[in-house]
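Asks: First to last, the protein sequences are chains A and B.
The opening residue of the first sequence carries number 1 in my numbering; numbering runs sequentially from there.
The opening residue of the second sequence carries number 1001 in my numbering; numbering runs sequentially from there.
Incorrect hints may have been included.
[Claimed, not checked] Quick partial rundown of chain A residues pointing at chain B, CB under 7 Å, derived from the structure:
| id | residue |
| --- | --- |
| 1 | 63 |
| 2 | 64 |
| 3 | 99 |
| 4 | 102 |
| 5 | 239 |
| 6 | 272 |
| 7 | 477 |
| 8 | 480 |
| 9 | 481 |
| 10 | 483 |
| 11 | 486 |
| 12 | 487 |
| 13 | 511 |
| 14 | 512 |
Calculated from the structure, these hints are not laboratory results.
Note that CB positions come from ideal geometry on N, CA and C, so glycine has one too.
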Amino acid sequence: MQKEITVALVGNPNCGKTSLFNALTGLNHKVSNFAGTTVEKKTGETRLSAGLKAQIIDLPGTYSLYPKSADELVTYEILRNKAENNYPDLVIFIADASNLKRNLLLFSQVADLGVPIILCLNMMDVAERKGIRYDIKLLEKELGVPIFAINARKQVGIDNIKSALLNDKLRVTAEYFKLDHVDIKMLEEVCKATDKRNKYAALQFAINASSLLSEKAQRIIQIFEKYNFDTRKFQEDEILARYQIIENIVKNARLINTSQLKNSLTHKVDEILTHRYLGIGIFLVLLLLVFQAMFSWSSYPMYLVEYIFSMVSGYIESHLPKGILSDLLVQGVLAGLSGVMIFLPQIIILFLFIAILEDVGYMARVGFMMDRIMRPFGMNGKSIVPLISGMACAVPSIMASRNIENKKERLITILVTPLMSCSARLPVYTLLIGMLIPDTAKWGPFNVHGLVLMVMYLIGFVAAIFSAWMFKFFIKQKQKNYFIMELPSYKMPVFSNLMITLYEKVGAFVWGAGKIIVAVSVVLWVLASTGPHGNIAKVEQKYATTINNESLPQNIREEAKLQMNAQKLEASYAGEFGKMIEPAIRPLGFDWKIGIALLTSLAAREVFVGTMSTIYSVNDDGGEETFSNIKTKMQADINSQTGKPSYSLATILSLMIFYAFALQCMSTIAVVKKETHSNKWPIIQFVYMTVLAYASSFLVFIMFS
Amino acid sequence: MNLTELKFGQKAIIEKVTDDDLSLKLFEMGLLPGESILLENVAPFGDPIAVLLSESKICIRLQDAASVQIKLIS
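Chain A extracted, bound-state conformation:
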């Protein structure tokens, strides 16, 4: 039988932990929840030998075991409980060698919990460039744990770690900080109250429990009061004592140290990128570049996706017997899927850019520059990362808000992030903008499509900022807010890391959107091709004589066929549903067809395009034209009541605004519920965004019609 050991990766933020995780596990990993909790874990597997596998858990980067933010809490939660199933057999601690003292602070805390630990010194090259070098043999002797020099980004030294995992002799524990000055009687009581034998683990857990007011807090606070124990003072003393111990160990092993990183490359780059006056301009130009790239680079791959879909549907039509199954697949599922998948190239470009900005360390600089702007709106510099990556997808962005220490600032960030225009809106915007402006329009060197799109993203950002400002007055809190953040040194992006990130995020998008779209398309196709009381058959009968009368001119018969298709859709169940809600959306300029799309895209915005494809291809006779532009069909659509085009300027603008503001995304609602541990906040978020969308669309429609 295969044996398995559990290994946790622990380290400071920006120490190269994710690179090591990727190097150890490749694509073989997944994100899931710890059984019975909302604590999320990222795990991967690596084979060590024929009979032994290691389950690697990637824990969020943290500066200490006294958590100050939600992501630090995750790491603490895993390391605190020995009885927990996922408690590691071994901790791999990754330390940034160029910043060893601070990294060893957390290392010494984790080691003192009594868990077997090995130390990986990462980024030795960066350290050397700073003029720092270590005698690893000596350091190993002084620290008393196995040490490995690695370069996680270049995948150097990974095999040594793997063989170390196989070697039971290397599974050692170490102790650094002694609790001599703490009342032993109190320690014994704390150990009893927390069910722990390790005194440091017990006291550490007790201090956290008393400040987080989690389980056993009452009992522990009583003990601390009885012995007059000042937890804050203790923590301060502990940190300073640990630094002292570490300095004594490190100073012998440190070979050269010219100290202070002045004149490093990072310093020079920062002089420009975070320049007092140029910095924000450079940031805006970068964003503009991203949008232009999304348009100018994506057209050929988009044709390719379109071509593949038309090949597949052609193949199905010619190989499956004509009938319901073939119709369902081609007009329902494939039409719906292709409507969204065609935007995959643009989505990939956007995700890639954001991943690069994160990987090189630029995002932290944006936070630094934007903090002052975000502050009056109840957020801080760290909110900029969720907001910017919200342009790709709100779900991982909301999770990225975990490093915001202040609860109110974090909550506001979570509430407004979905207003940032995400990639699911991209298909909707592109389709609608395309109906207003020809693809080829240029304004100077810029593609007008790209510019209008950028305006939509700006509108989303302004709405987010404005809503944040409103929430600032409604949400109460007493917690101190501060903005203290590390600015990591710049790094060259690593291709394999980027690809893994892209694979995960785009994969989640394709899989998540794909599932919903297939399901919705099938249901929609059925509802759009069947109707109550045999109404559809009646419509067909009414036109049958005209269409089948071959003595009539071709154009009259074609005209009759179009009219018949329109009336068939109107007579279907989908048409009935659409009409039912039409009174509610007519003030926004929407007809019943848009109504159907609004209903179906309640689950996910991008379904709008799929729905339109399905509606207009059910309308169609199938065949080669199924994949011809939905855009052209929508432009040609005539409102049967007014006799004017269904999609006027006012309607299109109103529709774009509606999609910019409405919370049509089940995954976002689910993740907000999880991250806020409540039903209240997702409901508030859904309501305020819907009201905002409805009111703004109404105003826009009136202004332009």
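For chain A, the structure is supplied; the task is to place chain B on it using the hints.
Replies: For chain B alone, coordinates are given in the frame of chain A:
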């Protein structure tokens, strides 16, 4: 003097952090008594500032930097 008064090109030693709520966080980040500190950068609106410690670079708001007591050297 406190950290907000530090000018470009001046080197200082951190003496203490007077704000009890902040000291733990700052110590954990490597900003602690005895460390040397340099002003590295000022954000576009004059706030926050980025400072260099012996091994790392962190940014901090002026209001928080005011609680960091420093002593100029050289």
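Asks: With a cut-off of 7 Å on the beta carbons, see whether residue 480 of chain A makes it to chain B.
Replies: Holds, about 5 Å.
Asks: Does residue 487 of chain A pass the interface check with chain B, least Cβ-Cβ distance below 7 Å?
Replies: OK, holds: residue 487 of chain A within 7 Å of chain B, min 4 Å.
Asks: Per the CB criterion, is residue 481 of chain A less than 7 Å away from chain B?
Replies: violated, 9 Å
Asks: With a cut-off of 7 Å, does the beta carbon of residue 64 of chain A approach a beta carbon of chain B closely enough for the hint to hold?
Replies: Since chain B brings a Cβ to about 5 Å from residue 64 of chain A, closer than 7 Å, the hint holds.
Asks: Closer than 7 Å between Cβ atoms is the bar; does residue 511 of chain A clear it against chain B? Give me holds or violated.
Replies: Since chain B brings no Cβ nearer than about 38 Å to residue 511 of chain A, farther than 7 Å, the hint is violated.
Asks: Let me know if the C-beta of residue 477 of chain A comes in closer than 7 Å to any C-beta of chain B, holds or violated.
Replies: Violated. Min distance 14 Å.
Asks: Using 7 Å as the Cβ threshold, decide whether residue 63 of chain A counts as touching chain B.
Replies: The hint holds - residue 63 of chain A has a Cβ within 7 Å of chain B, the shortest such distance being about 4 Å.
Asks: Would the stated hint for residue 239 of chain A survive a check requiring a Cβ distance to chain B of less than 7 Å?
Replies: holds, 5 Å
Asks: Please check whether residue 102 of chain A passes as an interface residue: C-beta within 7 Å of a C-beta belonging to chain B.
Replies: holds, 4 Å
Asks: Was the hint right that residue 99 of chain A lines chain B, CB cutoff 7 Å?
Replies: holds, 4 Å
Asks: Take the shortest C-beta to C-beta distance between residue 483 of chain A and chain B; is it under 7 Å?
Replies: At about 5 Å, which falls below the 7 Å cut-off, the nearest Cβ of chain B leaves the hint on residue 483 of chain A intact, so it holds.
Asks: Classify the hint on residue 486 of chain A as holds or violated, based on whether any CB of chain B lies nearer than 7 Å to its CB.
Replies: holds, 5 Å
Violation of the numbered hints given earlier is confined to hints 6, 7, 9, 13, 14; the remaining hints are satisfied by the structure.
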